[in-house]
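2 protein chains.
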Amino acid sequence: MIYSSELIKGTLKTIVLKMLRDHGRMYGYELTQRVKELTSGKIQLTEGALYPSLHALEAEGLLETETEHIGKRVRKYYRLNKKGTAKSEEKVNEFAAFLDTMRFLLDIKPAH
Amino acid sequence: MIYSSELIKGTLKTIVLKMLRDHGRMYGYELTQRVKELTSGKIQLTEGALYPSLHALEAEGLLETETEHIGKRVRKYYRLNKKGTAKSEEKVNEFAAFLDTMRFLLDIKPAH
DNA sequence: CAATTATACATAACTTTCTTATGTATTTGT
DNA sequence: ACAAATACATAAGAAAGTTATGTATAATTG
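Taken in sequence, the protein lines are chains A and F. For the first sequence, counting from 1, position 19 maps to 19 in the working numbering; every step adds exactly one. So the number in the working numbering is just where the residue sits in the second sequence, counting from 1, plus 112.
Careful: at least some of the hints might be erroneous.
[Claimed, not checked] Taking lysine-lysine pairs in the DSS-like style, the calculated list, with each CA pair at most 25 Å apart, reads:
id : chain 1 : residue 1 : chain 2 : residue 2
1  : A       : K109      : F       : K125
2  : F       : K121      : A       : K9
3  : A       : K9        : F       : K194
4  : F       : K148      : A       : K42
5  : A       : K9        : F       : K154
6  : A       : K83       : F       : K221
7  : F       : K194      : A       : K42
8  : A       : K9        : F       : K148
9  : A       : K109      : F       : K148
10 : F       : K221      : A       : K36
11 : A       : K13       : F       : K194
12 : A       : K109      : F       : K184
13 : F       : K221      : A       : K109
14 : F       : K121      : A       : K13
15 : F       : K195      : A       : K13
16 : F       : K195      : A       : K83
17 : F       : K195      : F       : K121
18 : A       : K36       : F       : K121
19 : F       : K195      : F       : K125
20 : A       : K109      : F       : K194
21 : F       : K221      : A       : K82
22 : A       : K42       : F       : K125
23 : A       : K109      : F       : K188
[What the hints assert, rightly or not] Stretch-level coverage of chain A by chain F, calculated; a stretch enters the list once three of its residues show a Cβ under 8 Å from a Cβ in chain F:
id : region
24 : 7-13
25 : 33-41
26 : 90-98
[Said to hold, decoys possible] Distance ranges between label pairs, derived from CB positions:
id : chain 1 : residue 1 : chain 2 : residue 2 : range
27 : F       : F216      : A       : G61       : 27 to 35 Å
28 : A       : T85       : F       : A223      : 23 to 31 Å
29 : A       : G48       : F       : A223      : 32 to 40 Å
30 : A       : E30       : F       : R191      : 28 to 36 Å
31 : F       : E149      : A       : E30       : 42 to 50 Å
32 : A       : A111      : F       : R191      : 29 to 37 Å
33 : F       : E201      : A       : L38       : 24 to 32 Å
34 : F       : R137      : A       : Q44       : 36 to 44 Å
35 : A       : K82       : F       : T179      : 53 to 61 Å
36 : A       : Y29       : F       : A209      : 20 to 28 Å
37 : A       : H23       : F       : H167      : 26 to 34 Å
Everything labelled a hint here was simulated from the structure, so no lab data went into it. It should be emphasised that the depicted structure is a prediction, and the values quoted were computed from it without experimental measurement. Where a beta carbon is used, it is the ideal one built from N, C-alpha and C, also for glycine.
With the sequences and hints as input, model every part of the structure.
Here it is, written out as structure tokens:
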């Protein structure tokens, strides 16, 4: 089952920031693949959502970029800066608290 | 802390369907208050989101309504029908699975 | 007892954040 | 050779909220 996209909505930036915190520098396509792998295909980031989101995070001053040439192809790597690292922690913590509240509200049993 | 609204986005219908499954019939304002209470104010449903959402659920054939007059004021009660009850269970289960996936992806420790 | 706050509904304009579609181009696998 | 995968980007449209506004009645409080 791929989650209905309305659930993903609002969590994309959090996912990206966490992935970058864990893996150091990453490029867009890599992010889509890594998340797909880690979730057994249950969460699939679309490029139409991801690239604008990366641009937005960069514009917010959370990411640094470096471009690399792989053969004739261009690859754009993103990396968290200090502000981005702090934001990443903040976002994940906020989401964790949200999870807790929702688990209580919806009476969801903790996953063993 | 009130959760940034982007997180709530996509969960409103799930919350409403679950509340109705637990409490039987409820009216809109009551829903806002009940959710606020249960979450210690951390989730506050706005009327601008809730009423259209209730109308949509009704249009989807998941809810039955009855109007009651309290003094001179009108109150519109909503109740799950059979289809709505099934949908409520489905939505909560889907959200529970999503939570699990996100907990893994974001490496969030289970709450106590 | 006048004024504020709470109760109770509804809708419209706007914003955010996705999806879907489209475009370009290179590299790899069959 | 052709298809699929890699790799970026943007634009049109949809979904689902927020904020603002509107209408009323009931309860509370200085």
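Each hint tested on the structure:
1. K109(A) <-> K125(F): Holds - the C-alpha atoms of K125(F) and K109(A) are around 20 Å apart, at most 25 Å.
2. K121(F) <-> K9(A): holds, 7 Å
3. K9(A) <-> K194(F): Violated, at roughly 29 Å.
4. K148(F) <-> K42(A): Status violated; Cα separation ~31 Å.
5. K9(A) <-> K154(F): Holds, at roughly 19 Å.
6. K83(A) <-> K221(F): holds, 24 Å
7. K194(F) <-> K42(A): violated, 29 Å
8. K9(A) <-> K148(F): holds, 22 Å
9. K109(A) <-> K148(F): Given pair K109(A), K148(F) holds - Cα atoms ~21 Å apart, limit 25 Å.
10. K221(F) <-> K36(A): holds, 21 Å
11. K13(A) <-> K194(F): violated, 37 Å
12. K109(A) <-> K184(F): Violated - the C-alpha atoms of K184(F) and K109(A) are around 43 Å apart, more than 25 Å.
13. K221(F) <-> K109(A): holds, 14 Å
14. K121(F) <-> K13(A): Answer holds: K121(F) to K13(A) is near 14 Å, not above 25 Å.
15. K195(F) <-> K13(A): violated, 35 Å
16. K195(F) <-> K83(A): The given pair, whose Cα atoms are some 48 Å apart, is violated under the 25 Å limit.
17. K195(F) <-> K121(F): holds, 23 Å
18. K36(A) <-> K121(F): holds, 22 Å
19. K195(F) <-> K125(F): holds, 14 Å
20. K109(A) <-> K194(F): holds, 24 Å
21. K221(F) <-> K82(A): With a Cα-Cα distance of about 24 Å, the restraint between K221(F) and K82(A) holds, given a limit of 25 Å.
22. K42(A) <-> K125(F): holds, 21 Å
23. K109(A) <-> K188(F): violated, 32 Å
24. 7-13: holds (count 5)
25. 33-41: holds (count 3)
26. 90-98: holds (count 6)
27. F216(F) <-> G61(A): 27 to 35 Å: Between F216(F) and G61(A), where Cβ atoms are some 29 Å apart, the hint holds.
28. T85(A) <-> A223(F): 23 to 31 Å: holds, 24 Å
29. G48(A) <-> A223(F): 32 to 40 Å: holds, 34 Å
30. E30(A) <-> R191(F): 28 to 36 Å: Because 49 Å falls outside the window, the suggested range is violated.
31. E149(F) <-> E30(A): 42 to 50 Å: holds, 44 Å
32. A111(A) <-> R191(F): 29 to 37 Å: holds, 31 Å
33. E201(F) <-> L38(A): 24 to 32 Å: holds, 28 Å
34. R137(F) <-> Q44(A): 36 to 44 Å: Holds, at about 39 Å.
35. K82(A) <-> T179(F): 53 to 61 Å: holds, 57 Å
36. Y29(A) <-> A209(F): 20 to 28 Å: holds, 26 Å
37. H23(A) <-> H167(F): 26 to 34 Å: violated, 44 Å
Hints 3, 4, 7, 11, 12, 15, 16, 23, 30, 37 from the earlier list are contradicted by this structure; the remaining hints agree with it.
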